[in-house]
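Residues per chain are reported as follows:
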Amino acid sequence: MSSTLDQGAEMSLLHIQNLHLSMHSFEGDAHVLNGVELKIEKGQIWGLAGETGCGKSITGLSISRLVNTPPARYLDGQILFNGRDVLKLKESDMRQLRGREIGMIFQDPTTNLNPVLRVGEQIADVAYEIGRIAPEILGLTATARASQRKKAAQKLGVDMLERVGIANAAQRARDYPHQFSGGMRQRVLIAMALVGQPKLLIADEPTTALDVTLQAQVLKLLSELVSSSGTAVLMITHNLGAVAQICSHVAVMYAGHVVESGLTQEVLSHPQHPYTRALIAALPKPGIQRGTLSTLPGRVPNLIDPPPGCRFAPRCAQASHECTLAVPALVGKSDTHRIACVHVQPEVFA
Amino acid sequence: MNLVEVQSISRLYPLAKTSWFGERPMHQALNGVSLTIPQGKTLGVVGESGSGKSTLTRCLLGLEPVDGGRILYRDQDIAAHDTAGRLRHAARLQIVFQDPYASMNPRMTVHNIVAEGMVIHQRELGLTAQERTQRVVQLLEQVGLGRDHMHRYSHELSGGQRQRVGIARALALKPECLILDEPTSALDVSVQAQVLNLLHELQQEFGLTYLFVSHDLAVIRYMCDDVMVLRAGTVVETAPCEQLFEKPQHEYTQSLMAAMPETAWFA
Amino acid sequence: MNESQAWARAYYRLRQNWLSLVGLVLVVFLLVVALAGNQLAPYPEHISGSVDTAMRFQAPSSAHWMGTNEMGQDVLSLVLGGARISLFGGLAVVVLAAVVGTMVGAVAGYFGGWTDEVLMRLADLKLTLPGLILAMAVAAALGAGTMNMVLAISLSWWPGFARLVRGEVISKREEVYVLAARALGAGSVRIMWRHILPNILSPIIVKMSLDVGFAVLTVASLGFVGIGVKPPTPEWGLMLSTARGFLPDYWWTAIFPGLAIFLTVLSFNLLGDGLRDVLDPRSRR
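Residue numbers (my numbering), protein chains in the order written: chain X, 1 to 350; chain S, 1001 to 1267; chain D, 2001 to 2285.
Do not rely on the hints blindly, as some may be mistaken.
What the hints assert, rightly or not - Pairs of lysine to aspartate or glutamate residues, derived as EDC-like cross-links and limited to a Cα-Cα distance of at most 16 Å, are as follows: (1) S:K1041 x S:D1225; (2) X:K285 x S:D1225; (3) X:K42 x X:E101; (4) X:K285 x S:E1242.
To be verified - Okay, the calculated bits of chain S under chain D, using three or more residues with CB under 8 Å as the criterion: (5) 1083-1092; (6) 1102-1108.
Note that these hints are calculated values from the structure, not bench results.
Keep in mind that this is a model prediction, so the values were computed, not measured.
Even for Gly, the Cβ is constructed at its ideal location relative to N, Cα and C.
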């Protein structure tokens, strides 16, 4: 794994810097993202973990610039994808990125497939569209005719279904989504997201609607697919178990800020930030007596009127006056483990 | 004693006919399912979607009839109940639902949601409106909410608070046995911890018996004394909790265990 | 968030669509006019039937803002007086149809099976006869009078509500909170009254509002063909019918009642559209 220490010579695949987002609503402006910091390199599988309302889904959507502005407003920061700031691109340039360089899988496989179109057609549609800007995906050149492209797109569709492990792909491509089970539909969505050979795949809660055995299968499939192609993955989830299963790295978010990030092994076995520690302590594990699960006092902060400085301070046992002065920066001796807390010294854990 | 005893029940649902001729195809939601829950204990039910767990809960509550076998509550067949008997059964066996959003009428205040059971059973309980409100306050405090929550609507509460209201509602009739249908699946981890602690506390205080349905094996292992694995309407394996997790016998159970994320190495 | 905040939020959303605000203002204006018609009219005696043949067919002037008709009656006073019949007639029709239709639709939707089949075939009878014809036939059979007219029109109106409510009840019947109520021991009546009906009010209210305009039109149509209200009670449709013969010379006798009908239908339609936006649960939160 390359070590990227902001040299500029080696550009990260994705670098979100100090991202601030405000969302307008009837009650007021909610400061939803509060300086998000995230760096993803080629081939890494990142888990973006956090509880409801922490901003992880909006961060994922922001990378593809799928957040509607208004009512949202980016107050500060940049999202650098291969060095280009996604927030400043023209919509036409953005459309070229989506699908081709950045793939997305949304949460619910039931509602994300068109029920009146055959599955093979839906993937072929995606392949065809991407093939217009990047004909090499279809194995053709720019001078290829539309009919050639159509055929190539259909073939690619069937190939992708095979790759995601759907047996009898050619036959099943002619089926409709309701003829697929939940787990298979999720595979179809993965196929659609990967057809453009994206460099970054963003998966928003890809396993939430699935049973435990299906979850394991889908996660395994994801990790196999990306290891062979070198695609980087950002998996947004609230399930730390899923993160532990396939993610090489993890970033934990709280109230719009990344509070801890680094290698999954490191962060989950030696969590340093009080929130991460509390989260892990709250998981039921064998050996803990019933009724004694450790819990966090208080509630998530109101984002319209957030507490000053570190937003976790009101619930933190170690909070001091210093915590309220400014939002702690995400720092660490290296990228293997970074914390955003004024009470944690980087030297202690590196 | 065994509070609940299910003897080999079956439940069939008619499906749409595929042709004019021949018999109507049936879906076997439950096929010869048996279980027992000793008083004061927690039986876990593990099953994936389509396993028949929702059908099982509805049959236990008496909301659906069984097509074969019997369900005994305190050694009495619940199918033999008359209307009065059914009401009594509702008072003794209650349920907490999975989805704290969907399981509450959006137009009712918390007070009315919790008091509803008492209103329905008015004839047996004979409480005045004031007494009912007092009990609502008592229940809300028992689940960790304050009396000022009474006048709110469910959409004004967080997921964890809603689930607490659901628990208060289930406790209003002083039941002996609670069916907990994925009570924490829709909740965040930190909130789940609070609710699980609360459920344990309530069980200790009131001597409740629990039927805990969940697909989250970590939660099942933590909360249950015995576990039953359900698959496509049949019982695949039943065993005391630790035994099931350490030495699963059936290959389906083994595949479930293998799919479980390994979290023991976490901090 | 409490009740008053919920109202504030609803008003905020209504305000965002200025047309529906226009509708609201107009509806309020019309209701005030209908209630206070007899007081506001400059020549209230004309509403009760007195004539002034010396002033026949006067064009609109400062003395008679809308001119006078063939009997010298002030058209403005008649329009204001007619507002009561037309508007309240329309409202009565919609309310009656909504109540009957909701009861039928709820029972059909909740119980399903044969109850559903029988009740819905009853509602379908309406399909076999054009609404206006049915209303005319019933009104003619029942005889003259406002109440009979209202009954007649409601008869052709309730199936629309029944169908709407049936669909809503069928979908709400499967909600988890209904299951929760059943688990507590609730019976059908309680479930329908406490749990299902309050949650399907929005589409019913929207339909009611949108229907008032057309109900007013139907009342006017019946009046136009001479069924329902008898002279000298002023009624917009009746006024239009009588004025037909005087066009185009004495245009004011027809245009003003016509405009009144148009304004009523338009404002209730605008209000109904606005209400739909406000009450749509998807736009809440």
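Structure-based check of each hint:
| no. | hint | verdict |
| --- | --- | --- |
| 1 | S:K1041 x S:D1225 | holds (6 Å) |
| 2 | X:K285 x S:D1225 | holds (15 Å) |
| 3 | X:K42 x X:E101 | holds (12 Å) |
| 4 | X:K285 x S:E1242 | holds (12 Å) |
| 5 | 1083-1092 | holds (count 4) |
| 6 | 1102-1108 | holds (count 7) |
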